[in-house]
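Those protein sequence lines, which keep their order, are chains A and B.
Under our numbering, the first residue of the first sequence carries the number 1, and numbering increases by one thereafter.
Under our numbering, the first residue of the second sequence carries the number 1, and numbering increases by one thereafter.
By construction, these hints were calculated from the structure, which means they are not laboratory data.
Any given hint might turn out to be false.
Covered stretches of chain B (chain A as the covering partner; in silico rule of three or more C-beta atoms under 8 Å from a C-beta of chain A) [to be verified]:
#1 156-168
#2 177-190
#3 285-298
#4 403-413
Here are some, though not all, of the chain A residues that point toward chain B, as calculated from beta-carbon distances under 8 Å [said to hold, decoys possible]:
#5 26
#6 27
#7 368
#8 375
#9 386
#10 438
#11 447
#12 458
Here are some chain B residues pointing at chain A (derived, C-beta under 8 Å) [unchecked claim]:
#13 79
#14 196
#15 455
Think of the CB as a built atom: it goes at the ideal place given N, C-alpha and C, for glycine as much as any other residue.
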Amino acid sequence: MPEAIAQIRGTAGLIVPEIILLAAVCALFFLGPLMVSGSGEAPAGLRNRWGWLSLFALAAAWFVWYRGGPADVRGGLFQLDGLVWYARGLTLSTGFLLILVLWNQIDDSHAAEAHACLLSILMGANLVAAANDLIAMFLALELVSIPTYVLLYLGRRDRIGGEATLKYFLLSIFSSAIVLYGMTWVYGVAGNTNFTAIREILAARVPHTADGLLEVAFALLVAGLCFRIAAVPFHFYAPDVFQGTTASNAALLSLVPKVVGFVALIRLLPLASASESWQRLLPEFNAKLLLGSLAVVSMFVGNLLALRQKHLYRLMAYSSIAHAGYMLIGLTVGDVAPVSGREALLFYLATYGLMTIGVFALLHAATGDRPPLQADDDLRGLARQQPMNALLLAVCLFSLTGLPPTAGFLGKFNLFLAAWADGTMIGERIIGHVLAIALAINAAISAYYYLRLVALMFLEPAAQPDAPVAPLRFAWAPWVAGVACSLGSIAIFIAPQWLWDSIR
Amino acid sequence: MSSLLLSLLFVPLAAALLLLVGRSFLSQGAARRFALAASVVTLLLSLSLGNEFRHLPSGGPRLSPVEPRHAISYHWFNLNHAASDTNSAAANADPLNFSFVFGVDGISLTLIVLTALLTVSGVLISWEAIRDRASGFYACLLLLEAALMGVFMAFDLVLFYVFFEFTLVPLFFMIGIWGGPERRYAAIKFFLYTFAGSVVTLLGLVSLVLAASSAGIATPTSLPALARWAVEHPLKPEWQIALFLAISVGFMVKVPVFPLHTWLPLAHVEAPTAGSVMLAGVLLKLGTFGLLRICLPLFPHACQTVGVPLMAILAVAGIIYGSLCALAQRDIKKLVAYSSVAHLGFCVLGLFALNSAGISGGVLQMINHGLSTGALFLLVGMVYDRYHTRQLDDLGGLAARLPLIAAIFVFITMSSIGLPGLNGFVGEYLSLVGMFRREPIYAVLGTAGVVLGAWYMLTMLQHAFFGQLHEPLHGHGEPPIRDLTFREAVAVVPIGALCLWIGVTPGPLLEIIRPDVDAVVAVYDEYLPPNERVAAKRGRMQDAVGREHFAPAPSGTAFIPMPSPRAPKIASLPHPALELARVETPSSSASATRLSPPATER
Numbered sequence: 001m002p003e004a005i006a007q008i009r010g011t012a013g014l015i016v017p018e019i020i021l022l023a024a025v026c027a028l029f030f031l032g033p034l035m036v037s038g039s040g041e042a043p044a045g046l047r048n049r050w051g052w053l054s055l056f057a058l059a060a061a062w063f064v065w066y067r068g069g070p071a072d073v074r075g076g077l078f079q080l081d082g083l084v085w086y087a088r089g090l091t092l093s094t095g096f097l098l099i100l101v102l103w104n105q106i107d108d109s110h111a112a113e114a115h116a117c118l119l120s121i122l123m124g125a126n127l128v129a130a131a132n133d134l135i136a137m138f139l140a141l142e143l144v145s146i147p148t149y150v151l152l153y154l155g156r157r158d159r160i161g162g163e164a165t166l167k168y169f170l171l172s173i174f175s176s177a178i179v180l181y182g183m184t185w186v187y188g189v190a191g192n193t194n195f196t197a198i199r200e201i202l203a204a205r206v207p208h209t210a211d212g213l214l215e216v217a218f219a220l221l222v223a224g225l226c227f228r229i230a231a232v233p234f235h236f237y238a239p240d241v242f243q244g245t246t247a248s249n250a251a252l253l254s255l256v257p258k259v260v261g262f263v264a265l266i267r268l269l270p271l272a273s274a275s276e277s278w279q280r281l282l283p284e285f286n287a288k289l290l291l292g293s294l295a296v297v298s299m300f301v302g303n304l305l306a307l308r309q310k311h312l313y314r315l316m317a318y319s320s321i322a323h324a325g326y327m328l329i330g331l332t333v334g335d336v337a338p339v340s341g342r343e344a345l346l347f348y349l350a351t352y353g354l355m356t357i358g359v360f361a362l363l364h365a366a367t368g369d370r371p372p373l374q375a376d377d378d379l380r381g382l383a384r385q386q387p388m389n390a391l392l393l394a395v396c397l398f399s400l401t402g403l404p405p406t407a408g409f410l411g412k413f414n415l416f417l418a419a420w421a422d423g424t425m426i427g428e429r430i431i432g433h434v435l436a437i438a439l440a441i442n443a444a445i446s447a448y449y450y451l452r453l454v455a456l457m458f459l460e461p462a463a464q465p466d467a468p469v470a471p472l473r474f475a476w477a478p479w480v481a482g483v484a485c486s487l488g489s490i491a492i493f494i495a496p497q498w499l500w501d502s503i504r
Numbered sequence: 001m002s003s004l005l006l007s008l009l010f011v012p013l014a015a016a017l018l019l020l021v022g023r024s025f026l027s028q029g030a031a032r033r034f035a036l037a038a039s040v041v042t043l044l045l046s047l048s049l050g051n052e053f054r055h056l057p058s059g060g061p062r063l064s065p066v067e068p069r070h071a072i073s074y075h076w077f078n079l080n081h082a083a084s085d086t087n088s089a090a091a092n093a094d095p096l097n098f099s100f101v102f103g104v105d106g107i108s109l110t111l112i113v114l115t116a117l118l119t120v121s122g123v124l125i126s127w128e129a130i131r132d133r134a135s136g137f138y139a140c141l142l143l144l145e146a147a148l149m150g151v152f153m154a155f156d157l158v159l160f161y162v163f164f165e166f167t168l169v170p171l172f173f174m175i176g177i178w179g180g181p182e183r184r185y186a187a188i189k190f191f192l193y194t195f196a197g198s199v200v201t202l203l204g205l206v207s208l209v210l211a212a213s214s215a216g217i218a219t220p221t222s223l224p225a226l227a228r229w230a231v232e233h234p235l236k237p238e239w240q241i242a243l244f245l246a247i248s249v250g251f252m253v254k255v256p257v258f259p260l261h262t263w264l265p266l267a268h269v270e271a272p273t274a275g276s277v278m279l280a281g282v283l284l285k286l287g288t289f290g291l292l293r294i295c296l297p298l299f300p301h302a303c304q305t306v307g308v309p310l311m312a313i314l315a316v317a318g319i320i321y322g323s324l325c326a327l328a329q330r331d332i333k334k335l336v337a338y339s340s341v342a343h344l345g346f347c348v349l350g351l352f353a354l355n356s357a358g359i360s361g362g363v364l365q366m367i368n369h370g371l372s373t374g375a376l377f378l379l380v381g382m383v384y385d386r387y388h389t390r391q392l393d394d395l396g397g398l399a400a401r402l403p404l405i406a407a408i409f410v411f412i413t414m415s416s417i418g419l420p421g422l423n424g425f426v427g428e429y430l431s432l433v434g435m436f437r438r439e440p441i442y443a444v445l446g447t448a449g450v451v452l453g454a455w456y457m458l459t460m461l462q463h464a465f466f467g468q469l470h471e472p473l474h475g476h477g478e479p480p481i482r483d484l485t486f487r488e489a490v491a492v493v494p495i496g497a498l499c500l501w502i503g504v505t506p507g508p509l510l511e512i513i514r515p516d517v518d519a520v521v522a523v524y525d526e527y528l529p530p531n532e533r534v535a536a537k538r539g540r541m542q543d544a545v546g547r548e549h550f551a552p553a554p555s556g557t558a559f560i561p562m563p564s565p566r567a568p569k570i571a572s573l574p575h576p577a578l579e580l581a582r583v584e585t586p587s588s589s590a591s592a593t594r595l596s597p598p599a600t601e602r
């Protein structure tokens with residue numbers, strides 16, 4: 001018995017930030033209903049209280065994470081290493097931004113549940129990184145998915161919102177099932193669920209005995225997880241879901257599932273390709289072929305379909321698909337000298353988080369409590385009515401384009417370097433060169449639709465200049481998030497070293 | 001010196017940010033006064049940079065074809081693997097270091113001063129014309145100035161590219177918000193066209209950096225280090241050609257070289273006057289500057305085998321096609337825009353002569369075109385401010401109404417078409433002489449452009465300013481037509497004075513750029529086969545004495561007429577003849593142009 005307690009204590013010691021978040025989630029779920037009357041009436045301004053509570057909990061978790069520093073602990077259900085530290089930092093830091101964007105998007109009576117769902121999604125994302133066991137990994141993935149369904153529904157409860165939620169729900173459980181199926185193939189080969197044990201068993205087997213089984217596992221895992229990162233051909237839900245939800249949920253969906261998906265891929269792919277090395281990601285030829293073609297197809301499909309979009313959230317969904325393609329390049333390249341694709345991918349995740357959350361935060365901040373900006377025509381003349389918002393939004397859009405001096409440029413630059421450094425041959429050509437050229441073409445294509453939005457804001461007169469505009473109730477929370485995102489992306493461009501250091 | 005260099009970047013940047021932040025409470029008057037103050041301060045700083053520059057050691061053995069006379073560098077970031085990966089190749093590779101390297105050499109100094117000067121003129125010419133959101137306009141103008149300063153000061157590939165790209169943003173807003181009726185289309189086309197071109201350049205730069213890094217260069221983005229490496233260990237010819245083509249695409253769009261020029265007339269016509277001035281005066285130089293800074297020193301083989309024919313043919317095509325297009329225009333601004341295509345053709349022709357005369361001429365042509373075309377756009381803007389039209393059909397005999405403007409217009413036109421005694425002549429002459437020594441046929445064809453240039457410019461002048469007075473109807477409420485105001489005079493007269501000064505005594509200017517030009521030319525010395533090298537030395541001696549500038553080229557292809565201080569390999573063992581040449585020639589090209597031999601008289 002004492003042994004079990006010690007084991008629990010040891011495991012719990014590895015996930016202190018998540019336990020803090022869990023406590024906050026419990027508190028929100030228990031206290032939330034008590035503050036709302038039977039008829040669903042809540043005191044005005046209740047959402048502010050819940051917002052501060054979840055910010056406070058997140059700050060505590062962030063503090064614990066920061067003080068902990070990168071550690072190296074292996075074994076049991078969870079592990080700690082550089083990737084865990086970085087992924088935690090990424091989700092917790094962007095968590096602040098996501099809470100701020102959510103702040104005004106939820107009504108008072110449902111604020112507690114919404115914040116609790118958001119915190120548990122962040123907790124799940126952290127646990128995905130920390131998992132050292134197939135079961136723990138799967139549970140963590142579900143801990144991200146299930147609150148997402150609730151959050152999607154809470155955000156917007158009309159027919160379109162319901163349709164979006166249902167679509168996401170059905171496809172998400174389908175993809176979870178595929179991931180689970182892939183995990184069973186790994187288990188079938190290794191006979192163990194612990195990552196460390198699986199690696200040892202696979203390393204000790206007679207070479208190439210179970211390669212076919214592992215390839216099936218690999219393909220299934222990629223298929224299941226590509227749903228989360230919204231890579232083509234698993235992207236079909238993204239435009240509809242983005243269109244049918246709120247700015248905060250769209251921001252969440254464009255970033256957190258990508259973090260979860262890529263971290264899980266980085267963890268699981270070395271297992272499925274029976275790579276001996278512990279932390280290094282070195283996809284083999286077939287894996288490169290699969291991931292590389294997913295990357296190229298995602299980039300082209302995302303960017304080309306985004307060109308004609310009229311709905312801003314839909315456009316951002318296609319942009320998110322294209323960015324999944326960019327980041328898949330990093331995964332395809334893996335850890336090669338002198339620039340690691342895996343590190344370039346993790347760097348890009350952070351910069352992408354800033355840009356995409358920034359766009360949604362500012363779109364939300366531009367309207368406050370009024371109906372949200374959704375059609376691209378709503379952006380017309382924004383620079384005249386709200387010059388500062390338009391300027392900040394333009395910074396985020398230029399960052400998405402990859403224009404200096406923004407973090408988006410550095411992200412793409414690193415991916416260029418990583419891709420070009422990869423010398424694997426495919427027939428007569430070098431995979432890395434093909435990927436880099438595809439990336440260059442897509443950067444040029446994507447410039448068109450981002451620039452079109454900037455042009456709408458700055459170059460066009462307002463749609464109805466004489467229409468009486470109700471005085472805008474200033475929404476400070478999303479505005480703070482938007483300012484942080486756009487200034488942050490310039491700051492990362494100027495001083496990127498700390499971000500690199502934390503990735504390693 | 002270092003702080004002076006950085007202040008040139010940060011004064012306009014800080015002023016632009018202040019204008020952006022303060023645009024809600026700054027009136028039009030306050031914004032323009034503030035912008036004027038900031039741009040004048042920048043101009044004074046650039047002049048004092050020029051003053052300090054004279055005290056820097058200029059000669060001396062050089063280690064690299066591209067070397068700043070003064071540089072400051074800051075660590076930016078580095079990419080290397082964690083030390084734990086001991087078993088991997090990654091641990092053995094050097095980290096990729098990226099740093100901000102700001103520096104100055106003769107070529108960049110002249111362009112920095114040009115930028116600062118044209119910005120002041122740009123602020124002055126927008127004084128009355130820009131009323132809507134004036135604060136934002138001046139912020140864009142100053143932001144553009146800062147970005148241009150950054151490009152010229154960058155001695156690092158990535159930094160160069162960063163500023164090169166960033167120039168798009170302020171100019172996009174300037175054209176798109178304050179431009180003419182077609183401004184949106186023009187701004188978007190300008191942005192996308194040049195962005196697409198520079199993405200290809202980025203691809204080339206990335207592969208170059210990786211190649212250098214795998215060869216063991218610790219700072220693979222620093223231009224001096226790269227150029228030195230490229231001289232000591234030339235890249236494989238096919239790689240050179242591939243990299244040359246990829247990297248020059250972005251520059252060719254920016255120049256713009258003939259088939260890629262379609263964005264330019266549109267952007268020029270729609271841009272506000274200050275935007276046109278900056279675009280023609282400085283922005284187009286980024287392309288030729290990039291070719292000179294990156295392509296010429298790094299890919300000597302590619303420049304000789306592919307670069308000379310490709311670029312010279314495109315340049316000649318651009319000269320003739322641009323001139324013919326200019327001839328057909330009825331809009332003065334569009335005419336001047338097409339003349340830019342032709343003038344920059346001369347510049348490219350000079351650069352790809354790959355010899356001292358040609359490159360000096362190319363650099364001079366950059367400055368001259370900046371001065372004279374900048375001034376032409378200023379003057380066209382002045383006419384437009386008065387009559388709200390630029391159509392030749394609506395204007396005529398304006399010299400009677402606007403004698404001062406007409407006088408300056410004539411003067412600048414003469415400079416633009418290359419009248420001896422004015423700046424345009426020196427640049428075109430040296431470029432053509434240089435090209436004549438490399439490939440005479442292109443020089444001969446290019447000379448046709450000089451004739452065409454005189455034709456279209458003089459036709460325009462005749463239509464607009466001489467003959468019967470013909471003005472558009474003048475509204476009652478508008479102020480009466482006035483000749484040159486004091487403000488406009490301050491904007492345009494210094495440019496005219498510089499045109500005259502460069503035309504009469506190009507020596508000092510050539511002297512400033514000479515060491516840097518010669519360092520690039522030295523790269524091509526290395527490529528001469530031994531027998532031609534001897535002949536080249538003979539040519540040098542003749543040049544050194546300054547007696548016979550048109551020494552017949554021993555071989556039509558690779559004759560280097562000017563002395564070159566030292567390519568790295570020669571540096572260790574100085575050759576007596578070379579030493580002699582170096583001592584003797586400080587201003588051979590200058591003295592030659594002072595004599596102005598009438599051989600290429602049109």
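(message) Given residue 386 (chain A) as an interface hint, is its Cβ closer than 8 Å to any Cβ of chain B?
(response) violated (11 Å)
(message) Please verify the coverage claim for the segment 403-413 of chain B: does it have three or more residues whose C-beta sits within 8 Å of some C-beta in chain A?
(response) Coverage by chain A is violated for the segment 403-413 of chain B (0 residues, Cβ < 8 Å).
(message) Quick check: do three or more residues in the segment 156-168 of chain B have a beta carbon closer than 8 Å to a beta carbon of chain A?
(response) holds (count 7)
(request) Check whether three or more residues of the segment 285-298 of chain B sit with their beta carbon closer than 8 Å to a beta carbon of chain A. (result) violated (count 0)
(request) Using 8 Å as the Cβ threshold, decide whether residue 458 (chain A) counts as touching chain B. (result) At 6 Å from the nearest chain B Cβ, residue 458 (chain A) passes the 8 Å test, so the hint holds.
(request) Against chain B, run the beta carbon of residue 438 (chain A) and see if the smallest gap drops under 8 Å. (result) Status violated, d = 11 Å.
(request) Would you settle whether the hint for residue 79 (chain B) is holds or violated, based on the nearest Cβ-Cβ distance to chain A being less than 8 Å? (result) holds (5 Å)
(message) Can you tell me if the segment 177-190 of chain B counts as covered by chain A, using C-beta to C-beta distances under 8 Å and a minimum of three residues?
(response) This one holds; 5 residues, not fewer than the three required, reach chain A with a Cβ under 8 Å.
(message) Hint validation: residue 27 (chain A) versus chain B, beta carbon distance must be below 8 Å. Holds or violated?
(response) violated (39 Å)
(request) Identify whether the interface hint at residue 368 (chain A) stands, where standing means a beta carbon of chain B within less than 8 Å of its own. (result) Given a least distance of 19 Å, the restraint on residue 368 (chain A) is violated.
(request) For the hint on residue 455 (chain B), just tell me whether its beta-carbon gets within less than 8 Å of chain A. (result) violated (37 Å)
(message) Restraint: residue 375 (chain A) near chain B, CB-CB cut 8 Å. Satisfied or not?
(response) Hint on residue 375 (chain A): violated, closest Cβ of chain B at ~19 Å, above 8 Å.
Comparing the model with each numbered hint stated earlier shows that hints 3, 4, 5, 6, 7, 8, 9, 10, 15 do not hold.
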